[in-house]
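Asker: Top to bottom, those sequences are chains A and B.
Numbering-wise (our numbering), the first sequence opens with residue 1 and increments by one.
Numbering-wise (our numbering), the second sequence opens with residue 1001 and increments by one.
Don't take each hint at face value.
[Stated by the list, open to error] With a Cα cut of at most 30 Å, we get these calculated BS3-like pairs of lysine-lysine: (1) A:K316 x B:K1130; (2) B:K1198 x A:K176; (3) A:K176 x A:K316; (4) B:K1130 x B:K1198; (5) A:K315 x B:K1130.
Derived from the structure by calculation, the hints contain no laboratory data.
As a plain string of letters, each chain reads:
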Amino acid sequence: MLGDIITPDLFASALRMATPLALAAIGGTLCERSGVVNIALEGIMLTGAFFGTAAVLATGNPWIGVGAAMLSGVAISAIHAFASVNLRADQVVSGTAINLLALGVTGFLMELWYGHPGTTASIQVLRPIFSFSSPGGGFLAEAWRWVNGIVFSHTPIVYFTIILAVVAQWAMYRTKWGLHLRALGEHPRAVDTVGVSVYRGRWVAVLMSGALAGLAGANLTIEQVGSFTENMTNGRGFIALAANIFGRWTPVGSYLASLLFGFADALQIKLQILRDVITVPPQFFLMLPYVLTVIVLAGVIGRAVAPAAVGEPYKKG
Amino acid sequence: MPVLELREVTKVFPGVIANDRVSMTLERGEIVALLGENGAGKSTLMNVVYGLLSPDHGEILLDGEPTKIRSPRQAIDHGIGMVHQHFMLVEPLTVTENIVLGREPGRFGIIDFSDARAKVAALSKRYGLKIDPDARIMDLSVGMQQRVEILKALYQGAGVLILDEPTAVLTPQEVRELFAVVKSLVAEGLSVVFITHKLEEVMAVADRIIVMRGGAVVGETRPSETDAVGLARMMVGRDVVLSVEKGAATCGDTVLDVVDLQVKDDRGLDAVAGVTFNVCGGEIVAIAGVSGNGQSELIDAIVGLRAPSAGSIALKGADITHASARASIEAGVSHIPEDRHRRGLVLEFDLAENLVLGDHRSAPYASHGFMKPRVVAEMARTRIADYDIRTPSEKVLASSMSGGNQQKVVVAREIGRDPELLVAAQPTRGLDVGAIEFVHKQILAAREAGKGVLLISLELEEVLSLADRILVMYEGRIVREFVGGEADAETLGYHMTGGGGSKLDEGAQTEAAGQAPSEGEVVR
């Protein structure tokens, strides 16, 4: 029984499940570090998922789909940037509006373009980069089966996300852009008085978070599922926000937190086989990742300190 | 040729002329003090120079060249640095990161941190501003943070340094260190504009004094040509009583009795570690101490905002140790809080609402759970007249009033309630001479009326002039008690930094005579 649950596939699928969360969470980190709350991650991710799928359906090329997903994420996050930076609107309201807008627009375009609600036709997906065989028996072959399963079984965006987390972490603490970003969310006026533009810094950060959340959507449709379904993000954007907080507003922290949530998700799928042993509804296991989110946030949120100026519009002069 | 010259600078805000044809000069190596009451237009003028505001008329000349300064960045590029009243420091970042922010050394967008650290160390050595380049701002004392601000301006290549109310937040020792730093800066060829409303500072540090009132320059003088009384007259436009006149204390019944009180701070550490004292009617007892030595927690416990962990508090014999803030008001404790914006007022409320806060549940302002707006408004108008609150009506929002008037509202409410005990925490913080005079008069009137007054202040002058008894608090304990008139600023400062206690070693004692012991400064 335990051997059925703990397999290389459990850990491989944890990595897969963590990827969309981590991309959106790192996007959220960049955005919130600049002082803009981004609860629109959910809607941006959904937008990316839809336009990514639509582009693949139109062209047959999954890479064009990835590009379209990121571009659509940038476009819809521009609304958030304009509302929160230039208009100094309430960022939670703006984010909520975008979430609702994304849900409505994708549903509407489904009808308009494909003539029906629900799910699109299947698309050409991105394949795993490597494909090694795992021959023979014995201990060495068993070890190779684990390494191959966990490390070499993934699609491009999964690897990209790991690299991104490390690079973003380095950039945040070692480059001028990173120093300005960290200062922006804490004390924008201090940044302004030394002649660095607060508006520009925040715009760039919000658009970057849009690109990453869009990419997260592409990962869902073009790498994992192979089609778009209405509201398929299903709260992942909010879990990503939680992962960003749990990761203390750092890219690597966000990735590791996402990995934890991804693992919980992978585990609940494996645990479904326990239904043969104890009688519980399948929703019980589906619930687990969300319960974990609540527990984790209740446990750490008191100690995690958000950027001081997050959510506060900046007015020059 | 002056390094900085202003000609007829005028800045108009809607409805107010903040600067009215102001002209001034600043020579190389000179310290000019810009003296004036709050709202006299000093900071506005300097914000114009620093590019934060643009003037409506007039011109700014740098080294004789007419120059337009449109942003702080341009001001910095022209060698003008400014240390604001509210620091422009990013708390979680390190000293080095803050100093190089916006002008980071390095190539291809990558910061060369070893170079940055070396530059900071070199500056800090050259000007004698000792600092740990890797410390986080949030772990530094206010005095140290100010040092970082000055270093930041120097790093940016400032030749003209504007200090906006730099001493408002410092301890006496830190003020003296700052003066030494400023003098060493001008010795290195810098020019300094020093904005303040404190007379003794002007006399101590300035080469030349420019006095502003109501947005205009009303006079220019030198410390050798004037004295504090003359400056105060120029500043306020009338004679001001600088020293407080008061009769001998008439000690009545014990009003407040605090026995062996212990209070924990937010982190669960003992902030007040066993304090015993009393205040009797008709007496002002002052608690002197460097900020963060348990005074705030002590006040919180007395007014019912924080539960003591041990000991007792009694008001006129009745136990109020565990009274809530509401019960404590009803028992007769009034509280002028340290921070009028956070605790003293609801800024979004109007004047009448602010004046009734705390009494809004009880007669005559309410009955059967409903407030009586007409009674409240009437009371507000009476208080506005009695306490000389400058406002067109009681319906004005607290947020739109000047700091001095806001504080008068708090004082009017707390003293007007006719309490048994008045707890006044930093009652004149940030106020100008005229307003300070008024608040002091009110506190003395409460004393004459037989109330007990507990005064907590970081301003030694205030403690010395008002108090009948002075308790010095250090690391949560009362380390020394003086009867009024017995102590002077030096002695108090010495005990406030642990000089007389056993907590610090002998090194601190020998050091305290000259400069502040650094151990004393870093206490929270």
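Asker: Determine for every hint whether it applies to the structure shown.
Answerer: We went through each hint and held it up to the structure:
1. A:K316 x B:K1130: Violated. K316 (chain A) to K1130 (chain B) sits at ~33 Å, over the 30 Å cutoff.
2. B:K1198 x A:K176: 40 Å, violated
3. A:K176 x A:K316: Within the cut-off at roughly 22 Å; holds.
4. B:K1130 x B:K1198: 26 Å, holds
5. A:K315 x B:K1130: Given that 30 Å is the threshold and the Cα spacing comes to 35 Å, the pair is violated.
Hints 1, 2 and 5, counting from the list given before, are not met by this structure.
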